[in-house]
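Protein chains: 2
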Amino acid sequence: MSEGAPTSREDAARLDSADPFRGFRSQFDLAPGLIYLDGNSLGPPPKAALARLQQTAAQEWGRDLIRSWNSAGWFDLPKTCGAKIARLIGAADDDVIVADSVSVNIFKLVSALLMDRRGAVAVFENEFPTDGYILQGLSNLTGSPLHVLKAGDDPFTENVSVLVVSAVDYKTAAIADIAAWEKRAALHDASIVWDLSHATGVLPINLARDGADYAVGCGYKYLNGGPGAPAFLYVRSDAGAVRQPLSGWMGHADPFAFGKDYEPAKDARRFACGTPPILSMSALDAALDIFGSVDMRAVAKKARSLGDLFLTLALAAGFTTVSPKPGEPRGGHVSLEFNHGYEFVQALIARGVIGDFRAPNLMRFGFSPLFLSYTDVWDAADALIDILHTEGWRAPEFSRRDKVT
Amino acid sequence: MSEGAPTSREDAARLDSADPFRGFRSQFDLAPGLIYLDGNSLGPPPKAALARLQQTAAQEWGRDLIRSWNSAGWFDLPKTCGAKIARLIGAADDDVIVADSVSVNIFKLVSALLMDRRGAVAVFENEFPTDGYILQGLSNLTGSPLHVLKAGDDPFTENVSVLVVSAVDYKTAAIADIAAWEKRAALHDASIVWDLSHATGVLPINLARDGADYAVGCGYKYLNGGPGAPAFLYVRSDAGAVRQPLSGWMGHADPFAFGKDYEPAKDARRFACGTPPILSMSALDAALDIFGSVDMRAVAKKARSLGDLFLTLALAAGFTTVSPKPGEPRGGHVSLEFNHGYEFVQALIARGVIGDFRAPNLMRFGFSPLFLSYTDVWDAADALIDILHTEGWRAPEFSRRDKVT
Chain U
3 MSEGAPTSRE DAARLDSADP FRGFRSQFDL APGLIYLDGN SLGPPPKAAL
53 ARLQQTAAQE WGRDLIRSWN SAGWFDLPKT CGAKIARLIG AADDDVIVAD
103 SVSVNIFKLV SALLMDRRGA VAVFENEFPT DGYILQGLSN LTGSPLHVLK
153 AGDDPFTENV SVLVVSAVDY KTAAIADIAA WEKRAALHDA SIVWDLSHAT
203 GVLPINLARD GADYAVGCGY KYLNGGPGAP AFLYVRSDAG AVRQPLSGWM
253 GHADPFAFGK DYEPAKDARR FACGTPPILS MSALDAALDI FGSVDMRAVA
303 KKARSLGDLF LTLALAAGFT TVSPKPGEPR GGHVSLEFNH GYEFVQALIA
353 RGVIGDFRAP NLMRFGFSPL FLSYTDVWDA ADALIDILHT EGWRAPEFSR
403 RDKVT
Chain Z
3 MSEGAPTSRE DAARLDSADP FRGFRSQFDL APGLIYLDGN SLGPPPKAAL
53 ARLQQTAAQE WGRDLIRSWN SAGWFDLPKT CGAKIARLIG AADDDVIVAD
103 SVSVNIFKLV SALLMDRRGA VAVFENEFPT DGYILQGLSN LTGSPLHVLK
153 AGDDPFTENV SVLVVSAVDY KTAAIADIAA WEKRAALHDA SIVWDLSHAT
203 GVLPINLARD GADYAVGCGY KYLNGGPGAP AFLYVRSDAG AVRQPLSGWM
253 GHADPFAFGK DYEPAKDARR FACGTPPILS MSALDAALDI FGSVDMRAVA
303 KKARSLGDLF LTLALAAGFT TVSPKPGEPR GGHVSLEFNH GYEFVQALIA
353 RGVIGDFRAP NLMRFGFSPL FLSYTDVWDA ADALIDILHT EGWRAPEFSR
403 RDKVT
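If you read the sequences in order, they're chains U and Z.
Going by this note's numbering, the first sequence opens with residue 3, and the numbers climb by one from there.
Going by this note's numbering, the second sequence opens with residue 3, and the numbers climb by one from there.
There's no promise every hint is true.
You can't tell identical chains apart in this list, so a pair holds if it fits in one copy or across any two.
[What the hints assert, rightly or not] BS3-like mimics (lysine-lysine), calculated; alpha carbons at most 30 Å apart, straight line:
1) 327 - 262
2) 173 - 152
3) 262 - 173
4) 303 - 185
5) 49 - 268
6) 173 - 268
Everything labelled a hint here was simulated from the structure, so no lab data went into it.
Only chain U is shown next, with the shape it has when bound in the complex (with noise of 0.2 Å):
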């Protein structure tokens, strides 16, 4: 536990009164008492996201009606949304679209890297699914080699041209150091496409400075941007990937001409393709907002803090993690093992305390550190420890197994 913790629920309070983002719960429309650990899932809807989806439905979309492809910015979204983003990422503005989802953005550039250069694609046994699946797809359509790795191993043999790698695991929030990794990766001419998904909002992420080339990562995670929020790619403005086959009309340099050919735009909007959701992506638009003023040092601080308390009361409870422990580099989200996980989470739901589940043991607690106050982390703690104490998870209403998520 890092020093200064708080042992009590009155040392979580005082941590609370001294807390830069004290303030911050206020902007969200979270409803009172609700103790939400899932914002690493689906972060809840900033009042300014709810009230951007009004405007952009009654007014723009009812009102302005095709005109607001230019009045609103419609038009220009994929590239304003995506540069408040940039800012998050340690990116510059025109380097970053907001577009389709993460499994679009992976395959666009992992093939237009492919287009540059043929070789093996790989990505870890443990990296989350879809990323893989997204692979296998890619390799069967054009024969790329998949390498498929256990954790340890080296991805950069056998002719390796793209790995595809999370920067926090979805699992445990382990950290990847980018800046390592990158340098491996150059002495082997071979390129990374980061999967941002579970650090983008919760982390200091400087992709310029650490040397990555490619990213993608989520809009409704810790960014708050509603469910399903249409993801991000970044691609740094020097590096390769020129051309990418998803080549639809909304990534060339002139949509509205109506060309025959396809030319790509100069920037990051050549990852774009077909006619953007507007009423999801001004949501985000709106919610990213929130990040205009906030040094994203701290909010990682507070992260582990509120991840570290949680996880310490727990581990001292008997629980076990697979998270890096309390005082150790971590992401925003810390999973407990427990072999009736999901039983176990369906009775901290009845309690108030929103987690998720992951098949086949883990227990995830997110600890998005712009709602959550530290008396949140210890009474979510408080209800863990009662429902492990008196078996609470065993009551029969809770293993009921009709939930897809």
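Once you have looked at the hints, place chain Z on chain U.
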């Protein structure tokens, strides 16, 4: 001009009073007095779509949060929404999903077909540009030759495996005979991917009856699903294209098993990829309910009558058209040629008549039958002819070219 067509505004008003859809405009949130002839580009909001969006944002996202993947049916939305579209295009419910964009969906279907059987892909040079752009990208990635056809060319030569073609031409609104094309394709063992973007919601389509196995289409035109609404994809259950390379987790048979190997879902859901934009998709889902009780043959008949009326008056005033003439089969829009079409459309907009301009010289007007009346169309033609006679398009305020659409 078709028999019984109005020859005065009073005639038009008489047709309105007998119109089976006369009550439908009140289901849309459309400004009073506005004559919106651009529903072929962006349909206006059904009130139910705005209400649903509010519900999805405030309650499902804001209150139920992550639980809504189950409780609000988010996970099933691509299929429930797809089933509503299936009924408009003569498909089985399980054969349609809503996902991604038209561009991405074309890529999925054509690449899936190429994985079954290599060969060339083909597209007409006057096809909607993104369709050709996507085939260019896919051809660059896979090495499959791309044939760009001129009007009248036989596409089914030289080892062409897949043709992408629109059911309704985006410029002229000419209608393709789906059954006849499919018969020719079958003779050559080729497949057609139909782009239904300008057809769905305004024409009766019967894909299964007509032997069509593959199609994509747009959610934001006649389906009124909102700006950039997700697109749809149709694949007949006993057709090929079992594997597609954009194999993201939402197309997996069991996405939340988090298995290492991609196992495609058995039905059209195998063409889903990443996490879908739920806010945008919810609006589309609610918008589709307007079609629940609608006879698509009556919709098409009214669209044709409205277009015939407009075109007859425009041709009589001296305009020329690239669209099928009054009385001929035609989709929901008509295009007039005018060398200063951009300025002309601006002049119409200033009078409350919204159409659009397509370079170099086409003014396009859509006749969505669910919210337009015969008197609307009469008045629009009146404004059109007055601007022509007074040269109203020459006013300097109509020549600013800062618009992208």
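Quiz prompt | residue 327 and residue 262: within-copy, between-copy, both or neither at 30 Å Cα | solution = between (57 Å within a copy, 27 Å between copies)
Quiz item: At most 30 Å between C-alpha atoms: does residue 173 with residue 152 qualify within a copy, between copies, both, or neither?
Solution: within (15 Å within a copy, 53 Å between copies)
Practice problem: With 30 Å as the alpha-carbon cut-off, assign the pair residue 303 and residue 185 to within, between, both or neither. | Solution: within (26 Å within a copy, 65 Å between copies)
Exercise. At 30 Å max between alpha carbons, let me know whether residue 49 reaches residue 268 within a copy, between copies, both or neither.
Key: neither (35 Å within a copy, 40 Å between copies)
Quiz item: For the identical chains here, do residue 262 and residue 173 meet the 30 Å Cα criterion within one copy, between copies, both, or neither?
Solution: between (46 Å within a copy, 14 Å between copies)
Quiz item: What label fits residue 173 with residue 268 when the C-alpha limit is 30 Å: within, between, both, or neither?
Solution: between (37 Å within a copy, 28 Å between copies)
Going through the hint list in order, the structure does not satisfy hint 5, though it satisfies all others.
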